[in-house]
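Number of protein chains: 2
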Amino acid sequence: MNTLIVKIGGNIIDDPCALTGFLKDFSKLAGAKILVHGGGKLATDILEKLQIPVKMHEGRRITDAETLKVCTMVYAGWINKSVVAQLQALGCNAIGLSGADGNVLRAHRRLPEPVDFGFVGDISADAVDVSFLTALFEQGLCPVFCAVTHDERGTLLNTNADTVASTLAIALSKAGFTKQIICFEKDGVLSDINNPQSVIDEITEENYALLKEEGAITEGMIPKLDQAFAAIRAGVGEVHIKHARNLLSGKGTVVRKTRD
Amino acid sequence: MNTLIVKIGGNIIDDPCALTGFLKDFSKLAGAKILVHGGGKLATDILEKLQIPVKMHEGRRITDAETLKVCTMVYAGWINKSVVAQLQALGCNAIGLSGADGNVLRAHRRLPEPVDFGFVGDISADAVDVSFLTALFEQGLCPVFCAVTHDERGTLLNTNADTVASTLAIALSKAGFTKQIICFEKDGVLSDINNPQSVIDEITEENYALLKEEGAITEGMIPKLDQAFAAIRAGVGEVHIKHARNLLSGKGTVVRKTRD
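Chains as they are written, first to last, in this note's numbering: chain R, 1430 to 1689; chain E, 1430 to 1689.
Bound-form chain R, shown alone (with noise of 0.2 Å):
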């Protein structure tokens, strides 16, 4: 079975009209797909109002016990049952999930050394249950997963939303053609980053290297780039860094082992 994976991030989920124009686009994707989202502001707003102090190491969140509430609360309440209310109105057949539901990604949570991030997960690509996954799409469902998952013993774990597309495109390949898309709000890999039409259309193995050297590819590209083909080593076919807006158009740079 061919699998589509595509992860949209908080820019999406935080501008209603562009989530709305993004569902109806997804909505029209033929085949099994998945859509992984991320979370957004508003986790934060309401971490703020509640008067929970929002805790970071180096950027990251660290996420105690009332934050794992709240995130879990938005993320897999709010934003995954809005965005599953949605798709079934435009006719898609969505069904919301967190990693504990149907036990289908497991995660353990993070070693506390160096830094104690609290409750944050770490997956693995055999944490999935493909054949839960290949039953809903064998009824014509599209999962919707948050990025919450849980270590199998009753506790809920934060997890990156790109980790979570990432492993599901990784053990999808087991079964198939996996092609992976990454929606992020530039509409590809730049060559420069000042001008928003040098989008480089095909990175490979072979020209990745060579791009790095030339200094075309920025440092905030890297660890993307590096995750993508992390996924295409481990079998995904392709991935695809674009812009939401352009989900059913050609525009965006795509990933892949070796030159089409």
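Be a bit skeptical, because a hint or two may be false.
Any copy, or any two copies together, can satisfy a pair, since identical chains are not distinguished.
Unchecked claim - Once the Cα atoms are required to be at most 20 Å apart in a straight line, the calculated EDC-like pairs of lysine to aspartate or glutamate come out as:
#1 K1478 with E1495
#2 K1457 with E1581
#3 K1686 with E1667
#4 K1470 with E1495
#5 K1686 with D1655
#6 K1615 with E1667
#7 K1453 with E1581
#8 K1453 with E1648
#9 K1478 with E1631
#10 K1641 with E1495
#11 K1453 with D1580
#12 K1470 with D1443
#13 K1680 with D1555
#14 K1641 with D1621
Source of the hints: derived by calculation from the structure; they are not laboratory data.
Add chain E to chain R, keeping to what the hints say.
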């Protein structure tokens, strides 16, 4: 397929020890089963902390847009996913659902006349996708429902948890024998409100009228029993009314059509 539908209310949700004990017992029940949970005090606490005024009409909450957001966060997010994660830890393959997920439970917004309750959904028995539930049972999954539904037009709706449980039980009764268990704060229907030991073991259509005439059934219990008999008349095999701590014991009141 025989199915068991168990409903727990806010009194159990609000008591972590009672909830853990209940979930242990629930996980031991064999066969196809569904858990429906109510809300508890967390939504009200958060509404208060966020300074969203709680509007009521004759003891029933009016759900405006902000209230719907908080209710969805709390019911479909934190409570639903915590319950699912706890059941998973107990070896019960739970999957959390709102009515929007898989379009399993369709509703319509209640008419604004004579009182506008806001984003409140009314459902009917033919709005349940029984084949979706049957497919989940066949995969060994246990659906865990929060009382949030949708109108198929993209709007989520706050719904009465007793109605959700009763609607599911009636719909599933077309596919086999259905037993519904309603957990509440007493051991069963009492013949003497001041004597917690005075549990009526069995209420049938025959003795219900008589019990009411004798004044043996208090007014507060009449809507609950009327709803139970409505479910029985619509096909449900038995409705048990009992305390959550007695889930695995025979203690409680059984409502059925005729004497066993």
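Outcome of the hint check:
For a Cα distance limit of 20 Å, the shortest separation of K1478 from E1495 qualifies both inside one copy, at 13 Å, and across copies, at 14 Å. In this assembly of identical chains, K1457 and E1581 lie within 20 Å of each other by CA distance solely across copies; the values are 17 Å between and 35 Å within a copy. In this assembly of identical chains, K1686 and E1667 lie within 20 Å of each other by CA distance solely inside one copy; the values are 8 Å within and 60 Å between copies. In the homo-oligomer, the alpha carbons of K1470 and E1495 lie at most 20 Å apart both inside one protomer (17 Å) and across protomers (16 Å), since each shortest distance falls under that limit.
Within a single copy, K1686 and D1655 get their C-alpha atoms as close as 12 Å, which meets the 20 Å cut-off; across copies the closest is 66 Å, which misses it. In the homo-oligomer, the alpha carbons of K1615 and E1667 lie at most 20 Å apart inside one protomer (19 Å), although the nearest pairing across protomers, at 58 Å, exceeds that limit. Taking the shortest alpha-carbon separations for K1453 and E1581, only the inter-copy value of 15 Å comes in at or below 20 Å, while the best intra-copy value is 35 Å. In this assembly of identical chains, the alpha carbons of K1453 and E1648 never lie at most 20 Å apart, being 33 Å within a copy and 50 Å across copies at closest.
For a Cα distance limit of 20 Å, the shortest separation of K1478 from E1631 qualifies neither inside one copy, at 44 Å, nor across copies, at 50 Å. Within a single copy, K1641 and E1495 get their C-alpha atoms no closer than 41 Å, and across copies no closer than 48 Å, so neither meets the 20 Å cut-off. In this assembly of identical chains, the alpha carbons of K1453 and D1580 lie at most 20 Å apart only when taken from different copies (18 Å versus 34 Å within one copy). In the homo-oligomer, the alpha carbons of K1470 and D1443 lie at most 20 Å apart inside one protomer (7 Å), although the nearest pairing across protomers, at 28 Å, exceeds that limit.
In the homo-oligomer, the alpha carbons of K1680 and D1555 never lie at most 20 Å apart, since the shortest distance is 32 Å inside one protomer and 45 Å across protomers. In this homomeric assembly, K1641 and D1621 come within 20 Å of each other (Cα to Cα) only inside a single copy, at 12 Å, whereas the closest approach across copies is 81 Å.
This entry does not satisfy hints 8, 9, 10, 13, going by the numbered hints stated previously.
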